[in-house]
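Asker: Each chain, letter by letter, is given below.
Protein chains: 2
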Amino acid sequence: MARFTDMQFIRFLLFEVHRAEELFQYPRFSHLDEEQVWMILESAAKLAEQELFPFLKEMDEQPARYDGKGGVRTHPQLKRIIQKTAEQQWIGAYAGFDEGGMQLPELVYNTGHHFFQAANNGVEGYTGLSAGAAGLILSFGSKEQIDTYVPKIFSGEWQGTMALTEPQAGSSLSDITTAAKPTANGHYLVKGQKIFISGGQHDACDNFIHLTLARIEGAPPGVKGISLFIIPKFRPGGDGDFIYNDVYCAGDFQKMGQRGYATTHLSFGDNDDCHAYLVGEPHKGLSYMFQMMNGARISVGQSAASVAMAAYQASLQYAKERPQGRHASEKDPTQPPILIIHHADVQRMLFTQKVIVEGALSLCMECSRLQDLKQISTGAEKEKYHLLLEILTPIVKTYASEQGSRSAALAIQVLGGYGFTTDFPVQQLYRDLKIMSLYEGTTGIQSLDLLGRKVTMENGKALQLLSEEIVATIHVAKKYPLLEPFAIQLEQELGRIQSVLGHLMRFAAKGETNRYLADAVVFMEMASLVVIGWQWLKQAVTAVEKLQEKNRQRSSPDFYESRIHLLQFFLRYELPHAAACAHTLVQPGGLTETGNLAYFG
Amino acid sequence: MARFTDMQFIRFLLFEVHRAEELFQYPRFSHLDEEQVWMILESAAKLAEQELFPFLKEMDEQPARYDGKGGVRTHPQLKRIIQKTAEQQWIGAYAGFDEGGMQLPELVYNTGHHFFQAANNGVEGYTGLSAGAAGLILSFGSKEQIDTYVPKIFSGEWQGTMALTEPQAGSSLSDITTAAKPTANGHYLVKGQKIFISGGQHDACDNFIHLTLARIEGAPPGVKGISLFIIPKFRPGGDGDFIYNDVYCAGDFQKMGQRGYATTHLSFGDNDDCHAYLVGEPHKGLSYMFQMMNGARISVGQSAASVAMAAYQASLQYAKERPQGRHASEKDPTQPPILIIHHADVQRMLFTQKVIVEGALSLCMECSRLQDLKQISTGAEKEKYHLLLEILTPIVKTYASEQGSRSAALAIQVLGGYGFTTDFPVQQLYRDLKIMSLYEGTTGIQSLDLLGRKVTMENGKALQLLSEEIVATIHVAKKYPLLEPFAIQLEQELGRIQSVLGHLMRFAAKGETNRYLADAVVFMEMASLVVIGWQWLKQAVTAVEKLQEKNRQRSSPDFYESRIHLLQFFLRYELPHAAACAHTLVQPGGLTETGNLAYFG
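Protein chains in written order, with this note's numbering: chain Z, -7 to 593; chain B, -7 to 593.
Worth double-checking, as some hints may not be accurate.
Think about it this way: if two alpha-carbon atoms lie no more than 25 Å apart in a straight line, the pair counts; the simulated SDA-like pairs of lysine to any residue are [claimed, not checked]:
#1 B:144 <-> B:64
#2 B:183 <-> B:160
#3 Z:542 <-> B:590
#4 B:183 <-> Z:410
#5 Z:323 <-> B:366
#6 Z:61 <-> Z:76
#7 Z:323 <-> B:210
#8 B:312 <-> Z:214
#9 B:376 <-> B:312
#10 Z:173 <-> Z:323
#11 B:470 <-> Z:578
#12 Z:323 <-> B:95
#13 B:323 <-> Z:320
#14 B:144 <-> B:178
#15 Z:374 <-> Z:49
#16 Z:312 <-> B:589
#17 Z:183 <-> B:409
#18 Z:471 <-> Z:551
#19 Z:323 <-> B:323
#20 B:538 <-> Z:590
#21 Z:502 <-> B:324
#22 Z:323 <-> B:473
#23 B:276 <-> Z:320
#24 B:61 <-> Z:414
#25 Z:323 <-> B:320
#26 Z:312 <-> B:166
#27 Z:323 <-> B:450
#28 Z:276 <-> Z:377
#29 Z:453 <-> B:320
#30 B:470 <-> B:550
#31 Z:470 <-> B:579
#32 Z:49 <-> B:65
#33 B:376 <-> B:589
#34 Z:49 <-> B:366
#35 B:49 <-> Z:57
#36 Z:216 <-> Z:279
#37 B:323 <-> Z:57
#38 B:502 <-> Z:276
#39 B:366 <-> B:286
#40 Z:312 <-> B:506
Simulated from the structure, these hints should not be mistaken for lab results.
With the rest of the complex left out, here is chain Z (with noise of 0.2 Å):
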């Protein structure tokens, strides 16, 4: 079962090193337990191995497609495939039972999840978009809004989507135009553009919530005069009826990978009559539809690593099942050949793979025990987990989209000329990851959240509660004898992250903000380095202690064996770049200002 993924990594992730059992101490999560919530999750697998891989292909080559008459034509199996899984509730699973979910946490939710993402991540894309959709109502929402769009979402009857981008304004929120009109009668009236609304419109949903950022007449300008809003594709009439909401899907945008997942232009207002619902207060949308775009970032970045999951298992397999070569000691070219996987290239390859997607799936797996437990505590603690949630999500989703699109070039590479053809999937799979770096903020607007926002942000509340937990890591790695060298490797490039610091703060204290953040995409990389090996270490030592309890091991000793010489690995192939990043960031000068745009010829 589940080819596209490994099992007993998830398992080992989820109860020994983020050790989900925790969590169901708490009231909300009390009803659940660690055989139970398996249980879910392989059934979870099960649909994805039946309902959602079988289609990765197909969908490929025959995409969504614009009908030129406002409809957007999805695969075949697309209705089913999301009924199906509305109908095991994986859409609204997050959801507390009075909401009509099955009060899972995230953690677990997420996990669930992967399993649709690594096996088609285009069909994951339509139900994981209306799971946030449905959470930003469920959130910020009146009763009546809740009551009326949140249950024929979860039930897959419906699509929600997020519409933030205008052609002319792309990543800068600020610059967005849509306007909308208060009337008497409560609603507002809409009118303007939105272009790459994923999922925005198509055959295989009913009706369409578009969360929708928009500027009601009058708001100040910029960030700060934007409001969310609900608009429907068709509107409650009010009779139990619905009407067409003048939201015209005017053309959809072809691409280079996702190819299953309708990703539209949309047209509000044309005729005047398109409704809108304001969500909360007026003008506090961006900081609502950013509940939904810090989770959709953290989603991007595993649907990333578990995109790259996908094609490393790809990989991982053929190595293991195609003779090719000997190995160069061998000079007698009549012994038969030997199977890749023995070839100490194709082993780098797959470790590199190894290490990118499962230290990437570690730290989402991070990320979301802190969604849960930011959650269900209070205070102090709520703003600890808050704030180190702030500081990992860029980590993560560019970690994961970067890496994750390096790593599928590298399962192509292990299948050699073969991975190029469509005859195997991996292929798909690096284009479509090449999407995850680009949408819910692309690597560049990561990047400068980071360093211009997150390591500032209360005088460096989070670097700092951020720097104490992989501290504490490295402080029970080194009671271990065996993990103490590579804890001592991590605890160093820690230190070169402060130093560095130091040295770029002198620019922003300086006032010198653009220089400041000039190179905030090589911070970044090397930030994830040492984020990465972290989880790498946490893994390592959670190996360690399970070795030494016998009796309640959940996997063989070769898996936890395995945990501590991937550290090794990832220190010694990976983590070397992250000096690399630092000497480019302390040379002097700025190559990247202003000033030298005639060098572009």
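Given chain Z, work out where chain B should sit, using these hints.
Answerer: Here is chain B on its own, set in the frame of chain Z:
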């Protein structure tokens, strides 16, 4: 003209850095001068712009496709484009006048093909491959073979191919089994299967000349028993007629990129009537083929760099036209958005592409010039150029293909979400590029070649010669105070290669070949960074010299200054990763040797 490249840069590389006019002093090229050569090249650029570039997208969307009965349908324009290319003599221009060519240096010939590769790399595949096949016949074929095949290949009527790979053997040429049986009539009868045959029979040419590796009955096992054959699809019948030669196209491979470039499966001798004509002596096929292969590896490197150049140019154009966002220091949202090229991170992405692409192209020209110098020199000098080419060939192929992919990913990133859509070419170029690290020897194969053969050949003489070349450039650069610190940095990195090799050589000396080669790819990455750093230092030295000779400047001062800026950028952002690779390479204990397969689960 030529939106897909930078004519000023190409001219600078060709005449100022790599001093093409020095070649014109030799008798073979004395018919050429700079002005005339530039005119020839401008006409190639024009052909690329007018005939190749317009069909880039269409050829991707309407891929070459097998018809189910032996034929492959290509884009309707392909035949015409091949003929136009042939009319301008761009298939055979490298050949001597007496061979039907223009007797151009490789340096000039390959620069012409750069335009084709950057404009439409699939189309250049067909003509470049024909050129290589004809070159192989010219070098090792009989007069009759040359007269029969070369003129028709140069005229574009016939397609030349190379047929090496077999389904069961992949990269392992020692395992090929295609069998050749001698006959009393001088020809051989061949039987076997070849896959991944680029340009291997399609509807844009009338005949196909497959340069095929096969094993003569009773030949020794391994690579020492491989012979080279000419196998036409239609063989000369003796009376001027051509007879079908039992070479059946049994299918094609659909691919994630280079979709206009047919990749086929050929079946030789299904009806025991496939005549093959031995080239040169029996059992020497692999060494002959390596002439074509080495040329092809340099071509693939150049093709990768050229495709990445096209992606860079597309992203540069977008960055100069797209307004979005403001500097972080600008807090007033009513200020108009700025062009994205003014954002530091966009500049970083553009400069990164530029140092990769222009550094790689400079190394391509270095190799082309060495090919010419090798051809026109004798004795010890010829041997020197030969050894330099030997060691640089795997490096240029690998650096350009691996870093070219990274560069094209940055091109997508500059465009944001638009870069992922089929409305812009960057995503196609990213897809096309992925094949470059696979064909003509994967990155793993190139790296084994570098560390296992080229570094050690003739007691390390190739490496010593390369080091001397790099030291010579460093020596000149140190004379200029502006360049001295950069020269010193490169010198340190060159020394680091020596110290890493000192470490690795201990394994080789102990006969631990597998351990010595285990991280060959990491060594390749390190060595490539130093070699590209050398090319940047070379460009900067040239630029400083030109800035001092005020009256002889071909380009603007800005252009020359950009070379120094880009050198500095490369040394700051890219070169530090060489030290990280060194760190990986000198760690004790092998992590990718056999014995830990259990770690893969």
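Asker: Please work out if residue 276 of chain B and residue 320 of chain Z have their alpha carbons no farther apart than 25 Å.
Answerer: holds (22 Å)
Asker: Verify the proposed pairing of residue 276 of chain Z with residue 377 of chain Z, using a straight-line Cα cut of 25 Å.
Answerer: holds (23 Å)
Asker: Residue 49 of chain Z and residue 366 of chain B: Cα distance at most 25 Å?
Answerer: violated (49 Å)
Asker: Under the criterion that the straight-line Cα-Cα distance not exceed 25 Å, is the pair residue 61 of chain Z, residue 76 of chain Z satisfied?
Answerer: Not OK: residue 61 of chain Z and residue 76 of chain Z at ~29 Å, beyond 25 Å, violated.
Asker: Has the given pair, residue 312 of chain Z with residue 589 of chain B, been kept, meaning a C-alpha gap of at most 25 Å?
Answerer: Holds. Residue 312 of chain Z to residue 589 of chain B sits at ~10 Å (cutoff 25 Å).
Asker: Run the distance test for residue 49 of chain Z versus residue 65 of chain B: straight-line Cα separation, threshold 25 Å.
Answerer: At roughly 24 Å apart (the allowed maximum being 25 Å), residue 65 of chain B and residue 49 of chain Z satisfy the hint.
Asker: Given the hint that residue 323 of chain B pairs with residue 57 of chain Z, test it: the Cα-Cα distance must not exceed 25 Å.
Answerer: With a Cα-Cα distance of about 41 Å, the restraint between residue 323 of chain B and residue 57 of chain Z is violated, given a limit of 25 Å.
Asker: Are the Cα atoms of residue 312 of chain B and residue 214 of chain Z separated by 25 Å or less?
Answerer: holds (24 Å)
Asker: If you draw a straight line from the CA of residue 323 of chain Z to the CA of residue 366 of chain B, is it 25 Å or shorter?
Answerer: Given pair residue 323 of chain Z, residue 366 of chain B is violated - Cα atoms ~32 Å apart, limit 25 Å.
Asker: Between residue 366 of chain B and residue 286 of chain B, is the straight-line Cα distance small enough, at 25 Å or below?
Answerer: holds (14 Å)
Asker: Is the hinted pair residue 323 of chain B and residue 320 of chain Z satisfied, with a Cα-Cα distance of at most 25 Å?
Answerer: Answer violated: residue 323 of chain B to residue 320 of chain Z is near 61 Å, above 25 Å.
Asker: Can you confirm whether the C-alpha distance between residue 49 of chain B and residue 57 of chain Z stays at or below 25 Å?
Answerer: Since the Cα atoms of residue 49 of chain B and residue 57 of chain Z sit roughly 18 Å apart, the hinted pair holds (cutoff 25 Å).
In summary, the structure is inconsistent with hints 5, 6, 9, 10, 12, 13, 15, 19, 22, 25, 33, 34, 37 and 38 from the numbered list given earlier, while agreeing with the others.
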